[in-house]
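Q: Please put together the full structure from these sequences, using the hints given.
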Amino acid sequence: MRPIDANYNSMATTNDLSSEMEVDAFRRLFPLRFHERHLLESIRPDGRPLGRARDTTVMLGAVASANGSALAKIGSTAMLAAIKLEVMTPTMEAPDEGCIAIDFHMPPICSPLIRPGRPAEVAPVISKQLSDTILRQAITRNYLVDDSASFSLNVHCLCIGIQEKKTKITKRMFLTSSSFSSHLYKVAIISEIPHLSSGMIDMKELSLVSGKAAWMAYLDIYCLDADGALFDAALLSAVGALSHLRIPVVSLNDDGRIVLLSDDNAVAMKENEPVNKEKRKLNLNRVPYSLTCILHKNYILADPTSEEESIMETFLTVVLDSSFQLVSLNKPGGPGLAHTSAIQDCIILTRQRVGELQKILNEAISDMEID
Amino acid sequence: MDIERVGGRGANQLRPIDCSRNVLNRAHGSATCSHGETRVLAAVYGPKAGTKKNENPEKACFEVVWKPKTGQIGEIASSWLIFNETWTYDRKTRKGVRDDPEENIAKYLPFDCSSEHYDINYNPGDVVEWIQLSMMMVPYPFPVILPVMEEVLFCEIIHAISSSILLLSNLLPCAIHAACAALVDAGIPLKYSAVAISCCLAESGHVILDPSKLEEQKMKGFVCLAFPTSVNSILPESGESMEQGIITSLTHGVMTVEDYFQCLEQGRAAIKPLSNILKKKLQSQSPSNVSMAT
Numbered sequence: 001m002r003p004i005d006a007n008y009n010s011m012a013t014t015n016d017l018s019s020e021m022e023v024d025a026f027r028r029l030f031p032l033r034f035h036e037r038h039l040l041e042s043i044r045p046d047g048r049p050l051g052r053a054r055d056t057t058v059m060l061g062a063v064a065s066a067n068g069s070a071l072a073k074i075g076s077t078a079m080l081a082a083i084k085l086e087v088m089t090p091t092m093e094a095p096d097e098g099c100i101a102i103d104f105h106m107p108p109i110c111s112p113l114i115r116p117g118r119p120a121e122v123a124p125v126i127s128k129q130l131s132d133t134i135l136r137q138a139i140t141r142n143y144l145v146d147d148s149a150s151f152s153l154n155v156h157c158l159c160i161g162i163q164e165k166k167t168k169i170t171k172r173m174f175l176t177s178s179s180f181s182s183h184l185y186k187v188a189i190i191s192e193i194p195h196l197s198s199g200m201i202d203m204k205e206l207s208l209v210s211g212k213a214a215w216m217a218y219l220d221i222y223c224l225d226a227d228g229a230l231f232d233a234a235l236l237s238a239v240g241a242l243s244h245l246r247i248p249v250v251s252l253n254d255d256g257r258i259v260l261l262s263d264d265n266a267v268a269m270k271e272n273e274p275v276n277k278e279k280r281k282l283n284l285n286r287v288p289y290s291l292t293c294i295l296h297k298n299y300i301l302a303d304p305t306s307e308e309e310s311i312m313e314t315f316l317t318v319v320l321d322s323s324f325q326l327v328s329l330n331k332p333g334g335p336g337l338a339h340t341s342a343i344q345d346c347i348i349l350t351r352q353r354v355g356e357l358q359k360i361l362n363e364a365i366s367d368m369e370i371d
Numbered sequence: 001m002d003i004e005r006v007g008g009r010g011a012n013q014l015r016p017i018d019c020s021r022n023v024l025n026r027a028h029g030s031a032t033c034s035h036g037e038t039r040v041l042a043a044v045y046g047p048k049a050g051t052k053k054n055e056n057p058e059k060a061c062f063e064v065v066w067k068p069k070t071g072q073i074g075e076i077a078s079s080w081l082i083f084n085e086t087w088t089y090d091r092k093t094r095k096g097v098r099d100d101p102e103e104n105i106a107k108y109l110p111f112d113c114s115s116e117h118y119d120i121n122y123n124p125g126d127v128v129e130w131i132q133l134s135m136m137m138v139p140y141p142f143p144v145i146l147p148v149m150e151e152v153l154f155c156e157i158i159h160a161i162s163s164s165i166l167l168l169s170n171l172l173p174c175a176i177h178a179a180c181a182a183l184v185d186a187g188i189p190l191k192y193s194a195v196a197i198s199c200c201l202a203e204s205g206h207v208i209l210d211p212s213k214l215e216e217q218k219m220k221g222f223v224c225l226a227f228p229t230s231v232n233s234i235l236p237e238s239g240e241s242m243e244q245g246i247i248t249s250l251t252h253g254v255m256t257v258e259d260y261f262q263c264l265e266q267g268r269a270a271i272k273p274l275s276n277i278l279k280k281k282l283q284s285q286s287p288s289n290v291s292m293a294t
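Line by line, the protein sequences give chains A and B.
Going letter by letter, the first sequence gives residues 1 to 371 in the UniProt record's numbering.
Going letter by letter, the second sequence gives residues 1 to 294 in the UniProt record's numbering.
It cannot be assumed that every hint is accurate.
[As the list claims (entries may be wrong)] Listed below are the simulated DSS-like cross-link pairs for lysine-lysine, each with C-alpha atoms no more than 25 Å apart in a straight line:
{"no.": "1", "chain 1": "B", "residue 1": "279", "chain 2": "A", "residue 2": "128"}
{"no.": "2", "chain 1": "A", "residue 1": "359", "chain 2": "A", "residue 2": "281"}
{"no.": "3", "chain 1": "A", "residue 1": "204", "chain 2": "A", "residue 2": "281"}
{"no.": "4", "chain 1": "A", "residue 1": "204", "chain 2": "B", "residue 2": "272"}
{"no.": "5", "chain 1": "A", "residue 1": "84", "chain 2": "A", "residue 2": "204"}
{"no.": "6", "chain 1": "A", "residue 1": "204", "chain 2": "A", "residue 2": "279"}
{"no.": "7", "chain 1": "B", "residue 1": "272", "chain 2": "A", "residue 2": "128"}
{"no.": "8", "chain 1": "A", "residue 1": "212", "chain 2": "A", "residue 2": "128"}
{"no.": "9", "chain 1": "A", "residue 1": "212", "chain 2": "A", "residue 2": "281"}
{"no.": "10", "chain 1": "A", "residue 1": "279", "chain 2": "A", "residue 2": "84"}
{"no.": "11", "chain 1": "B", "residue 1": "218", "chain 2": "A", "residue 2": "204"}
{"no.": "12", "chain 1": "A", "residue 1": "212", "chain 2": "A", "residue 2": "279"}
FYI, nobody ran anything at the bench for these hints, they're computed from the structure.
All of these numbers come straight from a predicted model, not from anything done at the bench.
A: Following this line, the structure appears as structure tokens:
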């Protein structure tokens with residue numbers, strides 16, 4: 001149970017039912033009125049002003065077995081992100097690029113609304129939003145596969161599992177290209193269109209040996225506690241994990257295989273030239289930060305809790321990068337309409353939030369480097 | 001300032017739009033909409049008794065299923081696979097359990113769905129040939145009072161559509177128009193209808209409206225917007241302010257905030273003629289009625 005702020009008592013004495021009723025009963029029976037009474041006083045039930053986000057923390061290196069990890073908390077919403085690296089063969093059309101696969105999980109422990117065995121409806125949506133935000137070049141590749149399908153029914157079968165198995169599909173497309181050459185020739189041309197937006201990560205940094213080996217990074221984000229603003233927390237934890245990521249030292253052995261160079265076999269491998277000399281970080285350019293706001297009548301509530309989300313159902317998520325460019329402005333419908341002035345206000349709030357989050361993340365990184 | 005576009009279109013010129021209602025016989029409401037080569041079919045089933053979890057007894061509940069012509073069915077769709085495997089989807093829902101005390105709901109249905117006189121005059125195989133994408137919506141109103149339903153209805157659908165087809169953003173406007181027309185065809189009361197438009201931002205900072213798929217790939221940014229249509233024809237006193245609001249906004253790619261607002265302005269300017277065209281198309285005679293009359 002949340003503590004009820006002192007302000008409430010003075011409000012409760014004003015008029016109608018609320019003076020005759022227990023605060024908790026009023027909150028449960030008339031949730032909307034309960035919140036609107038607070039909004040009139042420019043305060044929220046947890047004592048925050050409307051435009052302020054909850055306390056936010058980022059802890060890097062939460063999972064020792066992962067190559068990079070972070071635990072992000074916004075209020076009581078908690079997200080754990082971890083990255084595992086594997087060596088893979090790069091795709092034909094991008095021989096010197098690695099790959100990142102992003103997945104978002106909502107296990108039943110995170111919320112009473114999620115039942116075991118049934119996947120949460122929001123999970124794939126957040127997962128898609130995260131991949132769009134973190135790797136924007138994935139969009140062009142998806143269209144590539146999509147286009148091939150509309151050219152010919154023969155390529156039909158290749159269209160299954162677009163999201164997860166991007167690399168495999170492209171490989172199979174090239175294997176079959178001899179048989180439907182004319183259609184696939186078009187596809188090949190499309191794939192040569194350069195990626196227009198570089199995204200936050202340069203995929204070339206994940207390459208090991210051009211055309212032979214590259215890193216495949218599996219970025220998994222687990223929602224431990226879902227108390228509103230899930231996308232914001234998930235993105236923050238993903239960014240934290242990526243900035244904590246250390247790419248391990250590997251070397252080519254005599255068979256042409258990539259071998260991890262751990263302390264034990266370092267002596268034995270001494271004669272082999274390591275592919276990369278030391279553990280290195282990824283360079284993150286233009287880190288994205290997001291803020292979700294609720295639009296309710298003329299009020300804008302930043303960083304909603306799950307209780308607020310369930311009562312007022314119009315959301316607007318703004319993602320800005322560190323140079324204040326707009327990465328995404330997502331309003332997925334809802335009963336309310338967003339007017340231009342409200343959008344502008346949300347962008348201003350997000351700009352403030354970007355500053356806060358940058359500071360929090362930089363502190364977390366410098367804390368880790370001292371350790 | 002003019003940009004060369006495929007097909008000789010101007011930057012603010014839309015592709016030809018076509019929209020027709022009542023294209024499927026056994027659905028409660030259906031419509032197909034095309035923007036140039038992009039084509040979407042929508043079908044509405046219900047109202048019927050709800051069985052799903054997390055339902056709010058004061059609101060209508062919608063299940064939206066998005067089915068691409070090829071490939072995976074939208075994530076939200078998993079439990080409705082049965083409808084999508086073949087085109088004989090009406091087998092289970094036709095009797096639509098309407099043990100609903102509200103007579104009103106039945107009044108809105110275009111025909112009695114318990115009668116047995118359906119004739120299929122389309123071949124399921126044909127349908128799949130020409131459909132670019134198809135979508136089905138299954139509304140589940142509870143025994144509710146209709147005004148409550150009107151409030152909620154459309155925005156909920158847009159929400160579900162836009163979240164299930166984040167991937168295919170160039171289709172979103174077409175899908176929204178088809179869904180809207182199908183709901184009108186099913187006689188489900190709407191608070192307002194929606195008009196959607198997509199804009200692309202070129203490297204040079206120009207905005208082009210209604211991009212085709214190929215054009216979209218060459219652009220640095222993409223914005224898709226849905227606005228409510230004017231209800232002026234019915235309620236002349238309602239102001240302009242509603243049209244200014246946005247139901248849905250989706251973006252791809254990095255752009256400046258000013259670029260976004262530029263897209264917003266240009267999109268908003270194109271909405272009015274677009275909504276007039278769609279209204280006109282919806283008022284015209286539906287194709288199957290024509291065939292019955294001749």
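Q: Each hint should be assessed against the structure and marked as holding or not.
A: Now for the hints, and whether the structure bears them out:
1. 279/B - 128/A: Between residue 279/B and residue 128/A the Cα gap is close to 34 Å, so the pair fails against 25 Å, i.e. violated.
2. 359/A - 281/A: Judged against 25 Å, a Cα distance of about 19 Å means the pair holds.
3. 204/A - 281/A: Satisfied, since the Cα-Cα distance of roughly 13 Å is no more than 25 Å.
4. 204/A - 272/B: This hinted pair is violated, its Cα atoms lying about 46 Å apart.
5. 84/A - 204/A: holds, 18 Å
6. 204/A - 279/A: holds, 16 Å
7. 272/B - 128/A: With Cα atoms ~32 Å apart, residue 272/B and residue 128/A exceed 25 Å; violated.
8. 212/A - 128/A: violated, 29 Å
9. 212/A - 281/A: Distance of about 22 Å is within 25 Å: holds.
10. 279/A - 84/A: Within the cut-off at roughly 15 Å; holds.
11. 218/B - 204/A: At roughly 22 Å apart (the allowed maximum being 25 Å), residue 204/A and residue 218/B satisfy the hint.
12. 212/A - 279/A: The hint holds at about 20 Å.
Checked against the numbered hints given earlier, this structure breaks hints 1, 4, 7, 8; the rest are met.
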